[in-house]
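If you're matching them up, the sequences are chains X and A in order. For the first sequence, this note's numbering assigns the number 1 to the initial residue and increments by one for each residue that follows. For the second sequence, this note's numbering assigns the number 1 to the initial residue and increments by one for each residue that follows.
Please keep in mind that the hints were generated in silico from the structure rather than gathered at the bench. Keep in mind that the hints are not guaranteed to be accurate.
[Stated by the list, open to error] Calculated lysine-lysine pairs in the DSS-like style (CA-CA distance at most 25 Å, straight line):
#1 A/K131 with A/K6
#2 A/K301 with A/K257
#3 A/K299 with A/K340
#4 A/K326 with A/K301
#5 A/K52 with X/K89
#6 A/K301 with X/K89
#7 A/K316 with A/K40
#8 A/K257 with X/K104
#9 A/K257 with X/K10
#10 A/K31 with A/K279
#11 X/K10 with A/K131
#12 A/K6 with A/K341
#13 A/K301 with A/K6
#14 A/K222 with A/K158
#15 A/K222 with A/K31
#16 A/K341 with A/K279
#17 A/K131 with X/K104
#18 X/K104 with A/K222
#19 A/K31 with A/K52
#20 A/K279 with A/K326
[Unchecked claim] Over 12 Å on every C-beta distance to chain A, these chain X residues come out as not near it, computed from the model:
#21 T12
#22 S58
#23 G96
[As the list claims (entries may be wrong)] Calculated Cβ distances over 12 Å to all of chain X for the following chain A residues:
#24 Q33
#25 F79
#26 L254
#27 P285
#28 T332
Note that the Cβ used here is the ideal one computed from N, Cα and C, for glycine as well.
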Amino acid sequence: MIHVTYIDSKGTTRTVEAQEGSTVMETALRNSVPEIEAECGGACACATCHVYVAPEWSGIVGGPSQMEEDMLDFAFEVRPTSRLSCQIKVTPALDGLVVNTPAKQG
Amino acid sequence: MTEIIKTDALIVGAGPIGLFAVFELGLLDIKAQLVDILPKPGGQCAELYPEKPIYDIPGFPIITGQGIVDNLIKQIAPFGPRFHYNEMVEGLEILGTPEHPAFCVRTDADKVFEAKVVIVAAGGGSFQPKKPPIAGIDAYEGRSVFYAVRRIEPFRGKRVLIVGGGDSALDWVLNLHPVADRVTLLHRRDAFRAAPHSVNAMRALVADKKMDFVLGQVTGLKGEGGQLTAASVRGEDASVFDIACDTMLPFFGLTMKLGPIAGWGLNLHENLVPVDTEKFESNVPGIFAIGDINTYPGKLKLILSGFHEAALAAQKAFHYVYPDKKLLFQYTTSSTSLQKKLGVS
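The shape of chain X in the complex, shown without the other chains:
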């Protein structure tokens, strides 16, 4: 079983089960995790599923693709570990992944 932990902007922690092959965005929506909007439904076209990958996970998750980096221009308060969660695929290697969600997406 793969688990992903979301920490919201107020500090509340939610750990949920994630299915291999789904995305960190889909996992959030499926489990009613707040602060992830995903207006475009996962097309890397809206920047409303912005997350901050916990620094210790950043190297394992990796950085954004060129297209994703472009879309991050439309997110707020972008940091070095910013990613769009629709572009992070859940794999066994990400079991235990921790991401923080920003206070405002859109």
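Using the hints provided, position chain A relative to the given structure of chain X.
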């Protein structure tokens, strides 16, 4: 006096479902006009993913967002729909009775429509500019912080701070730089998601010291009584500094908000309009909701579902528009009367 535009059906939203509704209504001799806040048809398909392939449109193994919009525009052309772009519907007044409904709808451009039926095909809501989460920004909005430029003249002689790295940001850098006292472009990285010729033109201006480009993100605003004097910025190296400015234009793209429809007296469930699955009508007789904006048991937010919903809503709309006529179900393959409407017989 404002001219009143009379129409059988007013369609709110010119996305794929609103466009296809024109077709289904048109086959039943119901004339339609469409209002959309975007400057073009297609809604999310055209605004969010024009080049992305869609694989689940029946009969099209693969088609792009823009491709399906272009096809729909061609498909509905015989019915001569009228489009009202860059406008958002605001107030709705119920004029008729539940048996014989009629509505008066006003837009933010002060256009007034009188329609027998209203079809809400507004998807995720209206596209509106994203507002950055900067403390106290509300106090400046409309006075010295703007999310769109309607007229260039008010920026004459001003120190203008433009924030963002997309086409809107670059376009306004180039358009305002001739009239502004000084234009500063602030962006989080030295790369842009904009037309290369705009980026080159901007870089040339910076090289000629005719404008400034700064790397960083806005963290706060300084000013008084809604008048901006400076923006606090966190630079690339985490240094914090101020950029003096009179006006700020943040361009962070668009987001979808339900908007004034929320005040129309429709039942809402989590910003969606509950409808029945026979007529796709809201709790207000004569107001229909089709596509992503509606909800019902088993609802799937798919374009193909919206097409089906448009066809069924049109059937009920016919009875409101032509209360004394009998509706005859016909196929476009065999009905000469339908083919005449389509201009193919």
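Okay, the hints, checked on the actual structure:
Restraint check: the Cα-Cα separation between A/K131 and A/K6 comes to about 36 Å, which exceeds 25 Å; the hinted pair is violated. Our distance criterion of 25 Å between C-alpha atoms is met by A/K301 and A/K257, whose separation comes to about 17 Å. The straight-line distance between the Cα atoms of A/K299 and A/K340 is roughly 35 Å, outside the 25 Å bound, and the hint therefore fails. Taking the CA atoms of A/K326 and A/K301, the gap is about 32 Å. The hint is violated against a cut of 25 Å.
Between A/K52 and X/K89 the alpha-carbon distance is near 19 Å, which keeps this suggested pair within the 25 Å criterion. A distance of roughly 23 Å separates the Cα atoms of A/K301 and X/K89; the hinted pair therefore holds under the 25 Å criterion. For the proposed pair A/K316 and A/K40, the alpha carbon gap of about 28 Å is over 25 Å, so the pair is violated. Among the hinted pairs, A/K257 with X/K104 is consistent with the structure: their alpha-carbon atoms are about 14 Å apart, no more than 25 Å.
Between A/K257 and X/K10 the CA atoms are separated by roughly 24 Å; this keeps the pair inside 25 Å, and the hint holds. Between A/K31 and A/K279, the direct Cα distance comes to roughly 19 Å. Compliance with the 25 Å bound is thereby established for this hinted pair. Pair hint X/K10 plus A/K131 holds up; C-alpha atoms about 20 Å apart against a cutoff of 25 Å. Restraint check for A/K6 and A/K341: satisfied, since their Cα atoms lie roughly 21 Å apart, inside the 25 Å limit.
Taking the CA atoms of A/K301 and A/K6, the gap is about 31 Å. The hint is violated against a cut of 25 Å. A C-alpha spacing of about 16 Å is found between A/K222 and A/K158, which places the hinted pair at or below 25 Å, so the restraint holds. Between A/K222 and A/K31 the CA atoms are separated by roughly 52 Å; this puts the pair beyond 25 Å, and the hint is violated. Of the pairs offered as hints, the one joining A/K341 and A/K279 holds, with about 24 Å between alpha carbons and a cut-off of 25 Å not exceeded.
The hinted pair formed by A/K131 and X/K104 meets the criterion: a straight-line CA distance of about 9 Å does not exceed 25 Å. Distance check on the hinted pair: X/K104 and A/K222 sit about 21 Å apart at the alpha-carbon level, within 25 Å; holds. Only pairs whose Cα atoms come within 25 Å are accepted, and A/K31 paired with A/K52 is rejected, the gap being roughly 32 Å. Under the criterion of a C-alpha separation no larger than 25 Å, the hint pairing A/K279 with A/K326 is consistent with the structure, at around 17 Å.
Every CB of chain A is more than 12 Å from the CB of X/T12 (nearest about 18 Å), matching its label as outside the interface. With a least beta-carbon separation of about 17 Å from chain A, X/S58 lies farther than 12 Å from that chain, consistent with its non-interface assignment. Non-interface status of X/G96 relative to chain A is upheld: no Cβ of that chain comes within 12 Å, the nearest being about 29 Å off. Distance check on A/Q33: its Cβ is at least 27 Å (rounded) from any Cβ of chain X, clearing the 12 Å threshold; non-interface status holds.
Against the 12 Å criterion, A/F79 stays outside the reach of chain X, whose nearest CB is about 30 Å from its own CB. With a closest Cβ-Cβ approach of about 8 Å to chain X, A/L254 is found to fall inside the 12 Å limit, against its non-interface label. Remark: the non-interface label on A/P285 is consistent with the geometry, its nearest Cβ contact in chain X lying 31 Å away (cut-off 12 Å). Under the 12 Å C-beta cut-off, the non-interface status given to A/T332 relative to chain X holds; the minimum distance is some 31 Å.
In summary, the structure is inconsistent with hints 1, 3, 4, 7, 13, 15, 19, 26 from the numbered list given earlier, while agreeing with the others.
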